[in-house]
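Chain by chain, the residues run as shown.
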Amino acid sequence: MSQQTEIPELGFLGLARFAWRQLTSMRTALILLMLMGVAAIPGSLIPQRITNPMAVRDFITQSPALSLWYDRFSLFDVYGSPWFSAIYILLFISLIGCVLPRSIEHFSAMRAQPPATPKNLVRLEEYQKFSTDAQALDRATAWFTKNRFRVLNEGQSLSAEKGYLRETGNLLFHLSLILALIGVSFGSLFSMKGEAIVNVGERFINIPTSYDTLSFGKLMGDNSLTPFQIRVDKFVAQYDPATNAPKDYTASVTVTNNGVTRKEIIKVNEPLTFGNTRVYLQANGYSPVVTVRDSKGDVAFQGPVPFLPQDGNLRSIGAIKVPDANPQIGFVGSFVPTNSRTAGLGATSLFPELLDPKLLFSVWKGNLGLDSGVPQSVYRLDTTKLTKVGLGSVKPGETFTYPEGSITLETVVPWINLQVVEDPGKKYALVGGILAVLGLITSLYGRRRRIWIRVTSDGVEVAGLAKNGAPGLEAEVKDFVRAVKGEK
Amino acid sequence: MQTTWAYTSNYFVYSAMALFTISFIAHAFETAFAVRAPEVADATQGNLLVKTLDYKRTEKTARIATAMMALGFLLLLAGIICRGISAKHVPWGNMYEFSITGALAFTGAYLAALRKYDLRWLGLFVSISVLLTLGTAITLLYRNSAPLVPALKSTWLVIHVISAIISGGVFLLANVVAAAYLYLDRVESRGPRPLWLQRVPSLEVLDQLSYRLVAFVFPLWTFAVIAGAIWAESAWGSYWGWDPKETWAFITWVAYAAYLHARVTVGWRGRRAAWLCIFAGSTFLFNYVYVNVWGTGKHTYSGL
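In order, the protein sequences belong to chains A and B.
The numbering used here numbers the first residue of the first sequence as 60 and each following residue consecutively.
The numbering used here numbers the first residue of the second sequence as 2 and each following residue consecutively.
Rather than coming from a laboratory, the hints here were simulated on the basis of the structure.
Keep in mind it's a predicted model, so treat the numbers as computed, not measured.
You may find that some hints are simply not true.
[Stated by the list, open to error] Counterexamples of contact, computed for chain A against chain B with all Cβ distances above 12 angstroms:
| no. | residue |
| --- | --- |
| 1 | T110 |
| 2 | I152 |
| 3 | V540 |
[As the list claims (entries may be wrong)] Taking lysine to any residue pairs in the SDA-like style, the calculated list, with each CA pair at most 20 angstroms apart, reads:
| no. | chain 1 | residue 1 | chain 2 | residue 2 |
| --- | --- | --- | --- | --- |
| 4 | B | K154 | A | L331 |
| 5 | A | K526 | B | R213 |
| 6 | A | K306 | B | R213 |
| 7 | B | K154 | A | I324 |
| 8 | A | K306 | B | I86 |
| 9 | A | K486 | B | W237 |
| 10 | B | K154 | A | A296 |
| 11 | A | K380 | A | S393 |
| 12 | A | K306 | B | V159 |
| 13 | A | K526 | B | V265 |
| 14 | A | K306 | B | K117 |
| 15 | A | K252 | B | T266 |
| 16 | A | K326 | B | A152 |
| 17 | A | K447 | A | Y461 |
| 18 | B | K117 | A | A296 |
| 19 | A | K380 | A | L414 |
| 20 | A | K526 | B | T266 |
| 21 | A | K326 | A | R352 |
| 22 | A | K306 | B | T266 |
[Said to hold, decoys possible] Pulled from the structure, derived: some chain B residues nowhere near chain A, Cβ distances all over 10 angstroms:
| no. | residue |
| --- | --- |
| 23 | I23 |
| 24 | F30 |
| 25 | L112 |
| 26 | A147 |
| 27 | L185 |
| 28 | D186 |
| 29 | R187 |
| 30 | W197 |
| 31 | Q199 |
| 32 | R213 |
| 33 | T266 |
| 34 | R272 |
| 35 | V290 |
| 36 | N293 |
Think of the CB as a built atom: it goes at the ideal place given N, C-alpha and C, for glycine as much as any other residue.
Put together the whole structure using the sequences plus the hints.
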């Protein structure tokens, strides 16, 4: 191309400076802020893996083609997706780039004197001119001191300013947001979260193999678990007889930590605390305690089997797998704490407490496939390659016999789901949150304004200026003028 | 004994509705009858009979309207307190209880703002919307007073819910003012205001007022979200879990933060600011209706 356009040579540094200035401009920050709000929306409409993994699985089986596209755009993991992270990281860089220079500027401005009195006061707000005696400036100084204005004395005039707290609060708010974000990031790097079902009477030891699910932050290893043991002694659930809604859950536990053993209570809003680790009571259900015998009468399995609740009345489903029997035996079962006698053959529970418990099941024989290496749910039994050999139900103490053996329901014990969470970043997030509210209050309720007074040959001139159109200047100047005139 | 309190609560709510109805009629009466047709033709206006507004004639009706609203507020408050006594906990366990408390907060926000600003022109709207909210609540959303589920048994219920409800009341009021701004802006762009709109303050005042309301209550909303996070940490094991309600509370927060920045830093005024304010308020309403009725997640308790 022969035609040459004059483009100023930017170079790498210039380009970087340009990009930085664009990113830290208020307009960009505002767009990023709105973008973050919009970006959060899909996560509340599409099921998310972090909140509802079951719903995500159902969604994928129902519409696999759409799910594929959803997954390409991380729409099942919106809040951990690259595009969501990009928005908030840019927003916070923009915020830091905006707030840090302003903080430094504000720090020096706070110690500076108010600006000199403008030459022409007439153009300013609340301008008045009146005649008074020679002590006017002294009374003005007294009023300014009483109302904690910062004053610049220029001989014939006073320039006073108040309300630096507004900007202080504003900066405090934004700096606190940065602190809160540091807390959140710190937490996501060094956290752990796990869940475990523990039957009443059993002991939970805080090692990775005790957990049903366990996840770690990116920089956390599985040898960093806090050492403690919890034995669940008793679990009491109370329900409202009128609505069947739960009223109270209380788990009594014995805790061993650092060689000390003590009794503790865990409730829904009252977790146990070990340093940064907390143990929560999250869910509960029932475990039928069964004894399975083979055809010779030898015990092939004995113990509690947790069943998963399906509704508010704790109708639960589960599977009992007996690989040690010959042939291998499996049960697909439903458990109801209060059996409905009128609802036909299906398992229906009338109330969540153990008033009339019943275990209903079908019995299957064949290779359970536990050695195949394919992971299985402990609550489900894949019956496609098995043969059904019986269908029955038992109440506590009863035994059901089928050609290959028998099953006895000994008793029923409750189980509780313990959630163990370690998050060392949450205190910083909390401090950040509290400071942010304090900053907001001082910034939004604070008013920055200036008042000037000048003695001229034919009287006294007064004027004021409120930043951001803050209200109340009129009343304040009125009060000031009354003080200057010596009327109060 | 427990049911007696619940019945008393219902009577109070019904009585409050009656008073809000009277207040609504009085506000309507005031708006209609302040118009006066002059007996003599005005020569400066081309000998037309120019109608004028004279609120002196309807001053008494207006006072009755406000007094009924204040009385309705007190009865509704009594109803909510009785509901709390019947359930032996703060009555914020289901959507019926949230709705009547929300109506109380909205009325309260209006009455409090009325002490400082001349807002009586809004009374007609406030009384009818409170009436509709209470009507919906008591017919569609009513649930018997019941004990709290374990997750709600916490002091944070009081702190978190009351700050969220008060914020909601003030946000909605700001929304109404912003909507009034947009409507008047359209009316004024076509010509002078019709008579019945003449008492509504100038566009500039409305613009400032909706900003003041938001700026006043934004710290409280921030606090409500943080209080919710603190509570979630002790009840659910994680202070932030992107539960649908949390997500929308966050969206509302971001939207109002954007609004405040747009006004204070970028200098948005008027139409654009009003639309942003209404958008932010809609996210709050959406959160209340959608997440409670159709949503899933941890904020859905006891049916509704």
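So, going through the hints one by one against the coordinates:
Annotated as non-interface, T110(A) brings its C-beta within 12 angstroms of a C-beta of chain B; the closest such distance is 6 angstroms. No Cβ of chain B comes within 12 angstroms of the Cβ of I152(A); the nearest lies about 17 angstroms off, and the non-interface call holds. Look at V540(A): its CB is around 24 angstroms from the nearest CB on chain B, clear of 12 angstroms, so calling it non-interface holds up. Taking the CA atoms of K154(B) and L331(A), the gap is near 17 angstroms; set against the 20 angstroms cutoff, the hint holds.
Proximity of K526(A) to R213(B) is assessed by CA-CA distance (about 15 angstroms); at most 20 angstroms being required, the pair is judged to hold. With a C-alpha separation of about 43 angstroms, the suggested pairing of K306(A) with R213(B) is violated against the 20 angstroms cut-off. The straight-line distance between the Cα atoms of K154(B) and I324(A) is roughly 15 angstroms, inside the 20 angstroms bound, and the hint therefore holds. Taken as a hint, the K306(A) and I86(B) pair is honoured in the structure, with Cα atoms around 17 angstroms apart against an allowance of 20 angstroms.
At most 20 angstroms may separate the alpha-carbon atoms for a hinted pair to count; K486(A) and W237(B) meet this at roughly 17 angstroms. For the given pair, K154(B) sits about 14 angstroms from A296(A) by alpha-carbon distance, which is consistent with the 20 angstroms threshold. As the CA atoms of K380(A) and S393(A) are separated by approximately 14 angstroms, the hinted pair is consistent with the 20 angstroms bound. This hinted pair checks out: K306(A) and V159(B) have alpha carbons roughly 18 angstroms apart, not beyond 20 angstroms.
Under the criterion of a C-alpha separation no larger than 20 angstroms, the hint pairing K526(A) with V265(B) is consistent with the structure, at around 10 angstroms. About 45 angstroms separates the Cα atoms of K306(A) and K117(B), which puts this hinted pair outside 20 angstroms; it is violated. For the proposed pair K252(A) and T266(B), the alpha carbon gap of about 41 angstroms is over 20 angstroms, so the pair is violated. Taking the CA atoms of K326(A) and A152(B), the gap is about 9 angstroms. The hint holds against a cut of 20 angstroms.
Proximity of K447(A) to Y461(A) is assessed by CA-CA distance (about 10 angstroms); at most 20 angstroms being required, the pair is judged to hold. Note on K117(B) and A296(A): the hinted pairing is violated, with a Cα-Cα distance of about 51 angstroms set against a maximum of 20 angstroms. Distance restraint check for K380(A) and L414(A): the Cα-Cα separation of roughly 27 angstroms exceeds the 20 angstroms cut-off, and the hinted pair is therefore not satisfied. Taking the CA atoms of K526(A) and T266(B), the gap is about 12 angstroms. The hint holds against a cut of 20 angstroms.
The hinted pair formed by K326(A) and R352(A) fails the criterion: a straight-line CA distance of about 38 angstroms is larger than 20 angstroms. The hinted pair formed by K306(A) and T266(B) fails the criterion: a straight-line CA distance of about 50 angstroms is larger than 20 angstroms. Once the 10 angstroms rule is applied to beta carbons, I23(B) is consistent with being away from chain A; the minimum gap is 34 angstroms. With a closest Cβ-Cβ approach of about 33 angstroms to chain A, F30(B) is found to remain outside the 10 angstroms limit, as its non-interface label requires.
Every beta carbon of chain A lies more than 10 angstroms from that of L112(B), the smallest distance being close to 20 angstroms; the non-interface claim holds. At roughly 5 angstroms, the least C-beta separation between A147(B) and chain A is not larger than 10 angstroms, which violates its mark as non-interface. No beta-carbon of chain A is positioned within 10 angstroms of the beta-carbon of L185(B); the least distance is around 20 angstroms. D186(B), annotated as away from the interface, keeps every beta carbon of chain A farther than 10 angstroms; the closest lies near 19 angstroms.
Remark: the non-interface label on R187(B) is consistent with the geometry, its nearest Cβ contact in chain A lying 25 angstroms away (cut-off 10 angstroms). The beta carbon of W197(B) is kept farther than 10 angstroms from every beta carbon of chain A, the shortest such distance being approximately 29 angstroms. Under the 10 angstroms C-beta cut-off, the non-interface status given to Q199(B) relative to chain A holds; the minimum distance is some 25 angstroms. Non-interface call for R213(B) relative to chain A: violated, since the shortest CB-CB distance, roughly 8 angstroms, does not exceed 10 angstroms.
Against the 10 angstroms criterion, T266(B) falls within the reach of chain A, whose nearest CB is about 5 angstroms from its own CB. Chain A leaves R272(B) outside its interface by the beta-carbon criterion, the shortest separation being 17 angstroms against a cut-off of 10 angstroms. Residue placement check: V290(B) keeps its beta carbon more than 10 angstroms from all beta carbons of chain A (closest about 13 angstroms). Non-interface status of N293(B) relative to chain A is upheld: no Cβ of that chain comes within 10 angstroms, the nearest being about 13 angstroms off.
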